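One-letter residues, chain by chain:
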Amino acid sequence: DVKVTQSSRYLVKRTGEKVFLECVQDMDHENMFWYRQDPGLGLRLIYFSYDVKMKEKGDIPEGYSVSREKKERFSLILESASTNQTSMYLCASSFPPLDSSTRPPMGQPQHFGDGTRLSIL
Amino acid sequence: DQQVKQNSPSLSVQEGRISILNCDYTNSMFDYFLWYKKYPAEGPTFLISISSIKDKNEDGRFTVFLNKSAKHLSLHIVPSQPGDSAVYFCAASPKDSNYQLIWGAGTKLIIKP
Numbered sequence: 397d398v399k400v401t402q403s404s405r406y407l408v409k410r411t412g413e414k415v416f417l418e419c420v421q422d423m424d425h426e427n428m429f430w431y432r433q434d435p436g437l438g439l440r441l442i443y444f445s446y447d448v449k450m451k452e453k454g455d456i457p458e459g460y461s462v463s464r465e466k467k468e469r470f471s472l473i474l475e476s477a478s479t480n481q482t483s484m485y486l487c488a489s490s491f492p493p494l495d496s497s498t499r500p501p502m503g504q505p506q507h508f509g510d511g512t513r514l515s516i517l
Numbered sequence: 020d021q022q023v024k025q026n027s028p029s030l031s032v033q034e035g036r037i038s039i040l041n042c043d044y045t046n047s048m049f050d051y052f053l054w055y056k057k058y059p060a061e062g063p064t065f066l067i068s069i070s071s072i073k074d075k076n077e078d079g080r081f082t083v084f085l086n087k088s089a090k091h092l093s094l095h096i097v098p099s100q101p102g103d104s105a106v107y108f109c110a111a112s113p114k115d116s117n118y119q120l121i122w123g124a125g126t127k128l129i130i131k132p
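Protein chains in written order, with the numbering used here: chain A, 397 to 517; chain B, 20 to 132.
Because the hints were derived from the structure by calculation, they are not lab data. Given the structure is predicted, the values throughout are model-derived calculations rather than measurements. For each residue, glycine too, the CB sits at the ideal point set by N, CA and C. A couple of the hints might just be wrong.
To be verified - For the chain A half of the interface with chain B, some residues (derived, Cβ under 10 angstroms), not all of them:
id: 1; residue: Gln402
id: 2; residue: Phe429
id: 3; residue: Leu439
id: 4; residue: Ala488
id: 5; residue: Pro505
id: 6; residue: Arg513
From just these sequences and the hints, can you work out the full model?
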């Protein structure tokens, strides 16, 4: 079974702090993703990575950065936390598609961690 | 502007009956659709998918129907079981982007005993 582990289930930080959210997967997946989930908005992609040291912006990258130094680990960084970054953060991983036109997309299905509920005070 | 809409925030169904969850989309470039299921305090798990070249895909108690002309898809669960109580997310991928997945806001399904 694929295991995606997020380092914290709950986290409380203060405005202006630098916050690190860690994600580790054990299935040798090339693709890794960071989403945030907010009520009424579904999941929104922050950043994704398709290889070590590679990263791409998702739909809402502002205020975030990421790091992928090793294949199994993908870190999300809040450079200077703000209250509007209070949310549920979900990490996911998947195998890559064979080429850009392959279906299913993004090496579906994605395998998700259990999430980190982050509160910024 | 949400490109993938799940207009029912919640749905309550009697155990044993059919549950029908709906999803509408606006982008005609979407060609692959997925349903994920999420329990509280867990991440979403993949349920079933459908390509736009099909209009139906079935997996056990779960069937997804796609109506391209109406830009509408639905997930049918028959028969509904208490363990089906969860939030269901619809997601869509545009054909010109292999990495983009647009998610709906989710529908909370409650199965009553």
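Status of each hint after checking the structure:
Hint status for Gln402(A): holds, given a least beta-carbon distance of 8 angstroms to chain B, under 10 angstroms. The interface hint given for Phe429(A) is met, as the beta carbon of that residue sits about 9 angstroms from the closest beta carbon of chain B, less than 10 angstroms. Nearest Cβ of chain B to the Cβ of Leu439(A): about 4 angstroms, under the 10 angstroms cut. The hint holds. The criterion of a C-beta within 10 angstroms of any C-beta in chain B is met by Ala488(A), whose closest approach is roughly 7 angstroms, and the hint holds.
The closest approach between the C-beta of Pro505(A) and any C-beta of chain B is roughly 3 angstroms, which is under the 10 angstroms cut-off, so the hint is satisfied. The interface hint given for Arg513(A) holds, since its Cβ lies 9 angstroms from the closest Cβ of chain B, which is under the 10 angstroms cut-off.
Of the numbered hints listed earlier, not one is contradicted by the structure.
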